[in-house]
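Here the protein sequences line up with chains W and D, keeping their order. Per this note's numbering, residue 1 is the first one in the first sequence, and the count goes up by one each step. Per this note's numbering, residue 1 is the first one in the second sequence, and the count goes up by one each step.
One should not assume that every hint holds.
Claimed, not checked - Label pairs and their computed distance ranges (CB to CB):
id	chain 1	residue 1	chain 2	residue 2	range
1	W	I100	D	E343	57 to 63 Å
2	D	E355	W	P87	51 to 57 Å
3	W	D79	D	L325	40 to 46 Å
4	W	P87	D	R454	44 to 50 Å
5	W	D79	D	A26	45 to 51 Å
6	D	R265	W	R126	34 to 40 Å
7	W	S88	D	R454	42 to 48 Å
8	D	A424	W	D52	43 to 49 Å
9	D	R223	W	H72	31 to 37 Å
10	W	E33	D	E381	25 to 31 Å
11	D	T425	W	R126	46 to 52 Å
12	D	G350	W	E62	51 to 57 Å
13	D	G433	W	E33	32 to 38 Å
Quick caveat, the hints were computed from the structure, so don't treat them as lab data. Glycine included, every Cβ here is placed at the ideal spot set by N, Cα and C.
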Amino acid sequence: MSETTVPEAAAVETVAPDSVAPESVALGELALEVRSKNAGPFWVTMELFMRDAASYRLAADEAYVSEQVIAHLYRVDADDVQIFRIPSLNVVKISFPRPISQGSLRDRDMHAGQHHVPLALVRVPRPEA
Amino acid sequence: MSTTHDRPADSVRVFAPTGMLGAGFAESTVERALALGADVISVDGGSTDSGPAYLGASKPKTTAAAVARDLRSLLKAAARADIPLIVGSCGTSGTDSGVDWVAGLAAQVMAEEGLDLRVARIYSEQSAVDLKEHLSAGRIHPLPPLGQLTAETLQSCTHIVGAMGHEPIVEALQSGAQVVFAGRATDTAIAAAYPLIKGMPAGPTWHMAKIVECGGQCTTNPRAGGVLATVDAQGFEIEPLDTDAACTPTSVAAHMLYETVNPFRMREPDGELDVSDATYVALDDRRVRVEGSRFHVAEQHTIKLEGARLSGYETISFSAIRDPLVLGDLGRWSALMRTIITERVGQTLGLSTDEYAFDLRLYGHNAVLDELEPETGPPREVAVMLLVSAADQATATAVAKVANPLMLHLPTPDMDYLPSFAFATSPAEIERGAAYEFVLNHVVESPTPTSLFRIEMGETR
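For reference, chain W alone in the conformation it holds in the complex:
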């Protein structure tokens, strides 16, 4: 066992490019629900249930939600990220291996139930009404 070193809460860079900043909105504000959960002890899965087709198109757009964006937000390897875009449900689903073993000393979210928040805060251009 080794001493745990926990990096300080750094200001995580947001993914919003400057060009969309003035008219930008968080994905969570355009969603009916954003949720995360374990998919078995070794995987995290999260879903963006978007309000409508216009909001879905933003969530499904690789410019805003991609393997690289998830890798950056959750500090995982982009090659391990799986993204499922489901237009019939206006849902984007994202899965990746749990970076911290469930129930271990470092696991602070046993059900991975609160891990959706960084995803929900991703900023996208405000869709046209």
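Fit chain D to the known structure of chain W by using the hints.
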């Protein structure tokens, strides 16, 4: 038992009262399910979701009174309607003692209620010795993200279970069981077993089983209780048992996403469910029909293994900070805390950093998401939780006791006086006992679909 294994059925109605035995449901749920002609009751009794301790220690998450309450309702319903009751993953983790615990509670309920039902227990615990033979024969394979298994890892587990498919449950029912208490089973197997006996097609049956696994979760009101699903030759229909709740094409389709990595394909021991082409159609404002689900039978039947081992013993201590001066410099304060704890533990206990570990969590600041936390800004108050792990309880507690004066008085690097923080309890240390970790995510090629499981048939009174 008069519920027939001999009559060909046009359809089979599966009643799923709740997502977990012991979570509770309204009696009206049961009444309505029976009135609608339920053919079988299936309910899940477990999960890995709450962490490795339940498997590692073989302890249930649910309390006996809540499980007995649900069993009383369901056993009476099963007896009254003369339909089978199937419980999977008994005792949370599905260990042998979990099966015996649920079966023991049921026996007590049946004695009190004067019920005579023939009970089967299906045990799913696996011995490391047997599994080592499978391993050396090349019959155990890792699932991502884990790698190849070693014999040492198998040997280190306190408990290993195999997640059965429908086959052992089918065998128990066909041997005359009216009630089945299964060890670890796939969430779907308990709902799929009876429709498969009655000749329903695998695609719709397994898809239905996935949708009903969490009871009312596939409805517009997840808290409202259970569901009834009717499987037939072409598909299945599903409706909530609370008349105020609804199943909609979206609520049903969305449940395929729940706790799954891939929302279109799901592996079972004998094959893979494929819902890529499934259609969801509203029959009215609260019932949905699903068609187009397929099941691809695998060339090799496999059983997924779950195993947990002791990772150490833990002691917790927590204090709280309200002082804005400290909260304004929390990053440096917590870094200093980590450094000084490590120094003091070395000085006083002579422990090197590989002999213990600790996590310092700042609840109210970044404890939940840690370095993933996107928000910044000083919090109003923060709980400082020190979680220590060591190979034995005494060492974990000793480390927490060494840290105690710091948890009470550590200033920030800029303060020239000693603050006093707010301890929540006295004594400050809380011994958590043994802690566990999951170490298996592997499948074993099973010689037959039932050979890794043991069925014990009980007699009616």
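Inset, instruction - Could you check the structure against the hints above and give me the numbers of any it violates, in ascending order? - result: 1
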